[in-house]
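Asks: Work out the full structure, taking the sequences as your base and the hints as a guide.
Read off the chains here:
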Amino acid sequence: MNEKDMHKADFVTSVVLLVFSITVVWMSIEMPRLENRDINPLTVPGIVPGFLGVVIGIFSLILLERSLRHRGYKLELNGEKLGFFFRKSSSLRMFGTIGLALFYAWGLIGRIPYPVSTFLFVFLFIVLFEYSKSDTAERKRKKILMAAVMAVVVSAIVSAVFRYLFLVKLP
Amino acid sequence: MFLDGLKQYMNFWSIFNVLWATQLGIIVGMLPGLTATMGIALLTTLTFKMPAADAVLILICMYVGAIYGGSRSAILLNIPGTPANAATAMDGHPLARAGYAGSAIGIGTTGSFLGSIIGLIFLAVFTPLIGNFALNFQSFEFFSLAIFGVVISGNLTAPKDPLKGWISGFLGLFVAMIGMEGIHAHVRFAFGSVDLSGGIDLIPAMVGVFGFSEIISVMKNRKLEVVQTEINRVIPRIRDVAKHWKTIIRSGVIGTFIGAIPGVGEDIAAWVSYDFAKNASKEPEKYGKGSYEGLISAETANNAACGGTIIPVLSLAIPGSAPAAVLLAAMFIHNVRPGPLIMIESPEFVYQTVAMVFMATIGMYILGLSMVRWLVKVLTVPREKLMPIVFVLCVIGAYAIHSRIFEIGVMVVFGLIGFIMKEMDYPVAPMVLGIILGDILDKNLRRALVLSEGNLLPLITRPISLVIVLLTVLTLVSKMPWFRTLTAQIKQAIFGLFKKVS
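Line order of the protein sequences matches chains A and B. This note's numbering applies: residue 1 is where the first sequence begins, and numbers increase by one. This note's numbering applies: residue 172 is where the second sequence begins, and numbers increase by one.
Keep in mind the hints are simulated off the structure, nothing from the lab. Ideal Cβ positions, reconstructed from N, Cα and C, are used throughout, including at glycine. Treat the hints loosely; a few may be bogus.
Across the chosen pairs, the derived CB separations fall in these ranges [stated by the list, open to error]:
#, chain 1, residue 1, chain 2, residue 2, range
1, B, Asn-403, A, Tyr-131, 55 to 61 Å
2, B, Asn-403, A, Val-116, 34 to 40 Å
3, B, Leu-628, A, Ile-22, 27 to 33 Å
4, B, Glu-454, A, Val-149, 48 to 54 Å
Replies: Structural data, given as C-alpha cells:
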C-alpha cells in the first residue's frame with residue numbers, strides 16, 4: 001500500500017477504533033458493579049476494560065489527527081477504482097482463498113463428516129488455483145486426477161492421525 | 172544441574188524426538204508462509220497428550236529448527252522463510268546468486284549454531300537471577316511490566332510507526348478481557364454467548380494470526396522462484412568462521428538481549444545485530460551485496476534470540492517473542508507453571524529447558540549441514556498444493572485441544588484480523604503479547620488498587636515500578652519528534668562543549 005492510500009486506510013481505521021473505544025468505555029461503565037456481593041469498589045469488573053478503552057481511544061484520536069493532516073479523509077472511492085481492485089489477479093486469489101477457507105471452516109465442518117469435508121476443500125482448492133485456460137484437455141484431466149489423489153491422501157492421513165493417534169473426536 | 176537435565180534426555184526416544192522435531196522445524200522454517208509460531212502452535216496441538224518433558228522438548232526443537240530453517244529460503248529464494256530471516260536474505264541471496272549457495276548455507280548454519288549456544292549460556296545464567304529478582308515483584312510491578320511489555324513490543328515491531336504497534340498491543344490486552352474475569356468470576360463482553368464466556372484461547376487465536384493470515388498472504392502474492400545454482404561445499408572451514416569471532420560474540424549478545432525484551436522477537440534481533448555489524452565492519456560496502464559477515468551477524472542473532480526469548484518466559488511468564496508466547500501457552504497446557512515462583516517450586520525445570528535448547532541446537536547443526544541438496548526440493552512444492560494442507564492443519568489444530576467448533580471460528584476470525592492488520596502495517600506480535608499479558612494486567616491493577624486503597628502513587632514510589640514506568644514513558648516519548656529534536660540539541664550542546672575545551 002502506498003503512503004497516500006495508507007493515510008486513507010488510517011482514517012477509516014481511526015474512526016472504527018474510536019467508535020470501538022467509546023463502545024468499550026460505555027460498556028465498562030454500564031458493567032455491573034456487583035454491589036449485592038459487597039465487593040471492593042476498586043475491583044469492579046469494568047475498571048480495566050474501561051482503562052484500555054480510554055487508551056485505545058487516545059491512540060485512535062492521534063491516528064485520526066495524523067490522517068486528517070495528510071488529507072486521508074479524501075477517500076476518492078469510485079466504481080472504476082473498485083472495479084480495478086476486484087479484477088486484479090492478487091485480489092482474486094485473496095478472495096478465492098478466503099472464500100474457500102470460510103466455506104470449509106463454517107460451511108462444511110460439523111455439517112458433513114470430517115474426512116469428506118477435508119477431501120472437498122483440498123480438492124477444490126487445488127483445482128481452482130491450478131486451473132489454467134491455456135492447458136490442454138489432457139493436462140486439465142491430469143491436474144484434476146492429481147488433485148483428487150492428493151485430497152484423498154491428505155484427508156485420510158489427517159483424519160486417521162487425529163482420530164486414532166491423538167484420540168480426538170473429529171468434528 | 173544442567174548435566175542432570177541433560178542426562179534425562181540421553182535416551183533413544185528423546186534423541187529420536189529431537190531429530191524429527193528439529194528436521195520438521197527446519198522444513199517449516201524453510202517454507203515461506205509457514206512460520207516458527209505456526210509450527211509450534213500446530214505441534215502443540217499434536218503433543219498435548221504427551222508427558223510435559225517430551226512435549227516441551229519437541230516444541231523447543233521445532234522453535235530452534237524453524238528459526239534456523241528460514242535461512243534456507245532467505246538464501247535460495249530471497250524470501251525469508253520466517254520473519255526472523257529477513258536480514259539473512261540481504262547477503263545470503265546475493266551469495267547464492269554468485270554461486271556460493273553452499274558456503275552461505277554452511278556459514279549461516281554455523282552462525283545459527285553458535286548464536287544458539289550463546290543464547291543458552293545466557294538462558295542458564297540469567298533465568299535464575301531474574302527469577303530470584305522477580306520474587307520482589309508485587310501487583311504494581313506486574314501491572315507496569317505488562318504495560319511496558321506491550322509498549323516496547325509495539326515500539327520495536329513497528330519502528331516506522333510505533334503508534335500502530337501500541338494500538339495492536341492494547342487491542343490484544345482488550346481481547347484478554349473477553350470472558351470470565353479471574354477475581355469475581357463475572358463474564359465480560361460475551362453478549363450472552365456461552366462459548367465467548369470461556370474467553371479467547373491463545374492457541375486458536377495464534378494459529379489464525381500466524382497461520383491462516385499467512386496462507387492468505389502467500390496465495391495473494393506472486394509465485395516464488397528458487398535460484399538455480401549448484402550447491403557446493405556446505406561444511407565451512409574453521410578459519411572462515413573464526414575470522415568473524417567478534418561479530419559472532421557481538422551478535423550473540425545482542426540477539427539474546429533483544430530476544431529477552433517482551434514481545435520483540437528474533438526478527439528485530441537479527442536486524443539490530445546486522446546494523447551493529449555493518450557499523451563496526453571494515454568492509455561495510457559489501458553489506459547487501461554478499462557479505463559473509465552480514466550473513467553470520469543476522470543468523471547468529473536470530474538463533475541467539477531463541478534462548479533470550481525463553482528467559483522471560485521462565486522467569487516472568489512473559490514471552491520474548493510470538494513463538495515463545497506459544498511455548499509459554501504450551502507449558503501452561505502441560506501444567507508447568509513458569510513465572511517468578513519457578514525458582515522455588517521447580518528450579519530443575521529451568522535447567523531441563525537449557526538442556527532441551529542444547530539438544531535442539533546440536534540437532535539443528537547436524538541436520539543443517541546434512542541433506543542440504545535433498546531438502547532444497549521441498550522449496551519446489553507449489554503453494555497451491557501446500558497451502559490447503561496447512562489450512563486443514565490450522566482447522567484441526569485449533570479444534571483439537573478443546574474439541575470445540577467454536578475454536579475454529581476463533582482461528583478464522585483472528586486469521587482475517589491478522590491479515591488486515593498486516594496489510595495495514597500493524598504488527599501482530601504486540602497483539603499476541605497483549606492477549607497473554609491481559610490477565611496479568613487485569614488482576615494486578617485491581618489488586619494493586621485494593622492494596623493501596625485506590626492510590627496510584629506506589630506506581631512511582633516503589634523503586635522497581637518506578638524504573639519500569641520511566642522506561643515505559645521513555646519508550647513512548649522516544650519516537651516523538653520533539654523528543655528527538657531535544658536529544659539532538661542536548662547531544663550537540665555536550666559535544667560542542669568538548670570541542671571548545673579541546
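Asks: Hints first: check each against the structure and report whether it holds.
Replies: How the hints compare with the structure:
no.: 1; hint: B/Asn-403 x A/Tyr-131: 55 to 61 Å; in the structure: violated (39 Å)
no.: 2; hint: B/Asn-403 x A/Val-116: 34 to 40 Å; in the structure: violated (49 Å)
no.: 3; hint: B/Leu-628 x A/Ile-22: 27 to 33 Å; in the structure: holds (29 Å)
no.: 4; hint: B/Glu-454 x A/Val-149: 48 to 54 Å; in the structure: holds (52 Å)
Checked against the numbered hints given earlier, the structure breaks hints 1 and 2 and satisfies all the rest.
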